[in-house]
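Protein chains: 2
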Amino acid sequence: MATIASNSVRISRTFSARVGNILNNRNGRLIHHTKRYLKTQDGKRVDFGFLFDIDGVIVRGKKLLPSAKDAFRMLIDENGKFKVPVIFVTNAGNTLRQKKAKALSDWLDIEVVAEQVVMSHSPLKMFKQFHDKHILVSGQGPVVEIAKGLGFSQITTMDTLRQCFPHLDMVDHNRRKPAPCAFEQFFPRIEAVILFGEPVRWETNLQLVIDTLLSDGKPYVAPKEIPYPHMPVLACNMDLLWMAEACMPRFGHGCFLHSLESLYQKISGRELKYTALVGKPSELTYRHADFLLYEQARNMGMNGIKTIYCIGDNPESDIYGANLYDKYLQKRVIHTNVNVIKRTQQQTAGSQIIDVDETDTDSDLDSERTSALKDNSAEVYAKSCQSILVCTGVYCSSRDYVTYGRARSSNHNHRDFVLDPVLTQPKFVTQNVHEAVKLVFQKEKVISPFVS
Amino acid sequence: MATIASNSVRISRTFSARVGNILNNRNGRLIHHTKRYLKTQDGKRVDFGFLFDIDGVIVRGKKLLPSAKDAFRMLIDENGKFKVPVIFVTNAGNTLRQKKAKALSDWLDIEVVAEQVVMSHSPLKMFKQFHDKHILVSGQGPVVEIAKGLGFSQITTMDTLRQCFPHLDMVDHNRRKPAPCAFEQFFPRIEAVILFGEPVRWETNLQLVIDTLLSDGKPYVAPKEIPYPHMPVLACNMDLLWMAEACMPRFGHGCFLHSLESLYQKISGRELKYTALVGKPSELTYRHADFLLYEQARNMGMNGIKTIYCIGDNPESDIYGANLYDKYLQKRVIHTNVNVIKRTQQQTAGSQIIDVDETDTDSDLDSERTSALKDNSAEVYAKSCQSILVCTGVYCSSRDYVTYGRARSSNHNHRDFVLDPVLTQPKFVTQNVHEAVKLVFQKEKVISPFVS
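If you read the sequences in order, they're chains A and B.
With the working numbering applied, the first sequence covers 798 to 1249.
With the working numbering applied, the second sequence covers 798 to 1249.
Extracted from the complex, chain A is given alone in its bound form (with noise of 0.2 Å):
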C-alpha cells in the first residue's frame, strides 16, 4: 500500500514535470487534474466523452433529479475533479455560462467551469463576420453581456428601439407614449438580427423584428420596397415545448420563432430565413460542443475522444440533435479515409497533392453553417455521437409523450429541421442518468481509475 502510495506520488510528480498537468484557464481556476483518468480493461484511457443535457436530465425546473447525484459521482476522483471530459449542453440562454456553471456546482457538489457548459447562443462565437455588426437583440436575462461574451459589439435592445421610436409600438395602449425626439437622423441602420431566447412581450418583440426586417434595418423610415432575401437573422433555441413544473409542456423560444416566421409570412407573403439557427438539435451546437470535449480531453493529457455520448431527456430535440451529428460524423469520416486514400494515390503516382476541400462534407448544412466552422480541422472531432434516453422529462415511456395523453400526430421539430423520424429513436433508453453512466462504463468496459 505504502509502496503503491509512494509511487504514486514519485510517478505523478514526474507526470507533472514532463506534461504540465495542472493548467489554468483563462480566469486562473484549476480545470482539470489528471492524476487520474478512466482505464478500460485492456488497460487503455478511455477515449469517451458525456454530453448531458440538463433540464429533464438533471434537473426538473429547479429541482435536483434523485439519480444526478449518483452518476456524477462515477465521473469524478476523490477531490472532486472529473476524470473524463464532460460537456453540459442546454438550450437556455438567458444567462451567462458562468452561471449556469455554478447552479450546477451547486446543484451536483461539483466544481463545473464556464468552459464545461455550452448554452444554445454559444456557437455564435464562431460567427466573426456578424461581430462588428449593428445588431438588433431579444431575449430575457443579461443580453448585452451574452452578446459581448461571443464577441459582437455593436448591440441595440429592443427597449432602446422602443424607447427611440415609440410609435412602433402600438399594441398596449397604456405603453403609448410620444417620441422623446426626432432620432430618426441619428440613429444607424440596423444590419442583423439576433434572437437569444424567449422575450417578454411577444407583441413588441415580434412587430420590432418585422418592422426591421421590412424596412432593411430603419424601422422608422417607410421603404420604398420591400428587401428580399432580408437581413441576417441569427436564433438561438428552437425548442417548441419545454418541461417545466406544470402538468403539460410550456412554450419554449421555438412557439416565439413559430410566430414570427408565420407572422413574417403572412405580412410579406414571403419566408423568413434564418442565417444561423443554433442550439439542439443544430449541428453547430454538437461540433462546438465537441470542440470543447477535445480541448478537455487535451488538458487532461488524452489524445482526443472518439466517441461523444449525449444524454437527454427530449427525443426530437437531445436524440434528433445526437444522431443528426452522429450521422455527420460517419459522412466525416468516409470522406476523410478518401482524402486519404486520394493523396496516397497521387504520392504514388508522382503527382501534387491537392487539397481537397473538406467543406465537400459539409454540403449537408449551410453556407454559414459551414463557414462558421472551417477553422477548425478534421482530426479534432469525435468520430461518433451516440444517443442515450432518460425518462425522467419530457419522454416518459409510459405514456408515449405523455405530455398531451396520446402520441401526437403533429410535427414539434423547427421547420428548417425536417424530422426523420429514424433520428428521433434513441441507440439507447434508460431510466435515468445514473443508469445511462453505468451503461456507458459498461459498454466502454471501463475499469476502477488508474493512478498515473
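You may find that some hints are simply not true.
Here are the simulated distance ranges between beta carbons [said to hold, decoys possible]: (1) A/Q960 x B/R842: 48 to 58 Å; (2) B/Q1228 x A/D1217: 37 to 47 Å; (3) B/Q960 x A/D956: 19 to 29 Å; (4) A/G948 x B/G948: 55 to 65 Å; (5) B/Q895 x A/K922: 51 to 61 Å; (6) B/H928 x A/D903: 31 to 41 Å; (7) A/N1208 x B/Q1222: 24 to 34 Å; (8) A/D1217 x B/H928: 43 to 53 Å; (9) A/N1208 x B/Q960: 28 to 38 Å; (10) B/H931 x A/N1208: 26 to 36 Å; (11) B/R870 x A/N1208: 55 to 65 Å; (12) B/L893 x A/D1217: 23 to 33 Å; (13) B/H928 x A/R972: 26 to 36 Å; (14) B/K945 x A/Q1222: 30 to 40 Å.
Listed below are the simulated DMTMM-like cross-link pairs for lysine to aspartate or glutamate, each with C-alpha atoms no more than 20 Å apart in a straight line [said to hold, decoys possible]: (15) B/K860 x B/E912; (16) B/K1015 x A/E1042; (17) A/K896 x B/D969.
Listed next, the stretches of chain B that the computed footprint assigns to chain A, with coverage defined by at least 3 CB atoms under 8 Å from CB atoms of chain A [claimed, not checked]: (18) 964–973; (19) 991–1001; (20) 1015–1027; (21) 1032–1044; (22) 1047–1058; (23) 1215–1225.
Keep in mind that the hints were calculated from the coordinates and are not lab data.
Small disclaimer: the values here were computed from a predicted structure and weren't measured.
Virtual Cβ for every residue (Gly too), placed ideally from N, Cα, C.
With chain A held as given, fit chain B onto it using these hints.
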C-alpha cells in the same frame, strides 16, 4: 316666411301628436328628432343610411381628419340631430361603445349615442346560447364589463387564470411564482373562449388559450387525450394591421389570431376553428349594423332603408366586408322573390303553403352565424350595400397600399375569409369622407331638407 314658419310649427305639433316622433332610448336620452329629414328631387324621403368606419375615415390615431366635420354637417339639422340613419362601425373592441360614442361626439361636435356605434364585439349580443357559459376572455380595457354588457355572466380573465395557476405562465422569468393554494378542486371547467381584442403579453394569452383548448377547459389537469373539435372560440376583429402614426401599419388583433392559429396547429397537429369571427369584414357585423340602421330609420319615421352606403379606408376589411354583405343581400332578394313566386304558384294550385326555409340563403354563412340571425325577419334588412373607399387611411391611390411601398403579393385577409380580389374593389373611390357624402347625395338626388 312667417306663414311657412307657423305652418311648420303647426304641422310639427300634429306630427308629434300623431306619431310620437320624439323617442327616447333606453337611457332616456333623445335619439332623433324627426322634424327634419332628407328628401330627394322627386319629393320622397330618402331611403338610404350610412355606415362609417372611424380610423382612417374620420380620424387617424387621435387626430380628426380635416374633411370629417364638413361631411357630418351635411347629415345633421340645425339642432345638431341626424337627418338620416348613421352608424359608426369600428373593429376596435377595447372600450365600451358609450365611450366610443362620446369620443365621436367630441371629435365631430355632434351628439353621437351608443346605439349608433357598432364595436367589433357588438354582434356577440346575438349569441345567446353562450351567455350562461363559463367563458375565458382576453383583450385590453374593461373586458369583464364589455362581456357583461353583451349578456355573459360567468367570466374569467387571463389574469385571474394565471393568478390561480401561476405554473401555467412561465415565459417571463420575473413573474414566475408558486401557486397561492390548490385551486384545482374549486375551479369550474371553462366552456368557451372569447377573444375581444389584442391583449398585452401575447405569450401569456397564447399559452393559456392553447392550454384551455387542449385540456378541454381544465388547464391544470393533464388530458388523457386531446379533445377535437375543441371548445367554442369566438373572436372579434380579425384586422391584421391598422394605420397609426408610424410610417408602416401596426399589428392588429388579426396578428394575434394568426399566431394563435399557427401555434395551435403546430402543437396539436390540428386546425383551430372559430365558432364565430365577428368584426369587419364578417357579414355578421354588417347584419347587426343593418338592423340598427333599421331601428334608427323607424325612430325617424321612415319605413326602413333600401341602401346602405359604407365608407371605409381599408379595401380588405371595410370594402371587402361591404361587398360581401351586398352579395349576401342580393341572394336574399332573389330568394325572397322566388319564395313569393312559389307561394303564389302553390296558392293557385290549391296546395298548402309550404314555408321556404330562409336559411337556404344563408348557406354561405356557417351554421352558428346563421342561427345568430334567425330571430330577425327578412323585411328588416336593406336591399343593397354600396362600398366607398376613401384615400385618407390604409389605402392611398398614389402608392397602391403604400404602407409597404409596393403592391403586396400577400393576402392580409383572415384565413377564414378567402380573398376574392373582385370583392376588394370599391363601388366608388373618393378622396375623403366629405367627398364621399357629397357623392352619395348626388347619386341619390338629395335636395335640401324638408320640414315636416
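Hint check results:
1. Remark: the range hint 48 to 58 Å for A/Q960 to B/R842 is upheld by a beta-carbon distance near 57 Å.
2. The hinted range of 37 to 47 Å is not satisfied by B/Q1228 and A/D1217, whose Cβ atoms lie roughly 58 Å apart.
3. The hint said 19 to 29 Å for the Cβ distance between B/Q960 and A/D956, and at roughly 26 Å that hint holds.
4. As the Cβ distance of A/G948 to B/G948 is approximately 59 Å, the hint placing it in 55 to 65 Å holds.
5. Between B/Q895 and A/K922 the beta carbons are some 58 Å apart, a value that agrees with the proposed interval 51 to 61 Å.
6. In this structure, B/H928 and A/D903 break the distance hint of 31 to 41 Å, their C-beta atoms being roughly 54 Å apart.
7. A beta carbon spacing of about 40 Å between A/N1208 and B/Q1222 contradicts the range 24 to 34 Å that was offered as a hint.
8. Checking the proposed 43 to 53 Å range against A/D1217 and B/H928 shows it holds: the Cβ atoms sit about 50 Å from each other.
9. Taking the beta carbon of each, A/N1208 and B/Q960 are about 34 Å apart, inside 28 to 38 Å as hinted.
10. At about 33 Å, the beta-carbon gap between B/H931 and A/N1208 stays in the expected band of 26 to 36 Å.
11. At about 60 Å, the beta-carbon gap between B/R870 and A/N1208 stays in the expected band of 55 to 65 Å.
12. Between B/L893 and A/D1217 the C-beta distance comes to about 54 Å, which lies outside the given range of 23 to 33 Å.
13. Between B/H928 and A/R972 the beta carbons are some 33 Å apart, a value that agrees with the proposed interval 26 to 36 Å.
14. Roughly 54 Å separates the CB atoms of B/K945 and A/Q1222, a value that falls outside the hinted 30 to 40 Å.
15. In summary, the hint linking B/K860 to B/E912 is not supported, as the alpha carbons are separated by about 23 Å, beyond the 20 Å threshold.
16. With a CA separation close to 16 Å, the supplied pair B/K1015 and A/E1042 stays within the 20 Å bound.
17. About 19 Å separates the Cα atoms of A/K896 and B/D969, which keeps this hinted pair within 20 Å; it holds.
18. Taking a C-beta to C-beta cut-off of 8 Å, the stretch 964–973 of chain B contributes 7 residues in contact with chain A, enough for the three needed, and the coverage statement holds.
19. Counting residues of the stretch 991–1001 of chain B whose beta-carbon sits less than 8 Å from any beta-carbon of chain A gives 5, enough to reach three: the coverage restraint holds.
20. Only residues whose C-beta sits within less than 8 Å of a C-beta in chain A count toward coverage, and the stretch 1015–1027 of chain B has 8 of them, enough to reach three; the restraint holds.
21. With 6 residues carrying a beta carbon less than 8 Å from a beta carbon of chain A, the stretch 1032–1044 of chain B meets the three-residue requirement, and the given coverage holds.
22. Counting residues of the stretch 1047–1058 of chain B whose CB lies closer than 8 Å to any CB of chain A gives 6, which reaches the minimum of 3, so the coverage claim holds.
23. Under a criterion of three residues with beta carbons nearer than 8 Å to beta carbons of chain A, the stated coverage of the stretch 1215–1225 of chain B fails, only 0 such residues being counted.
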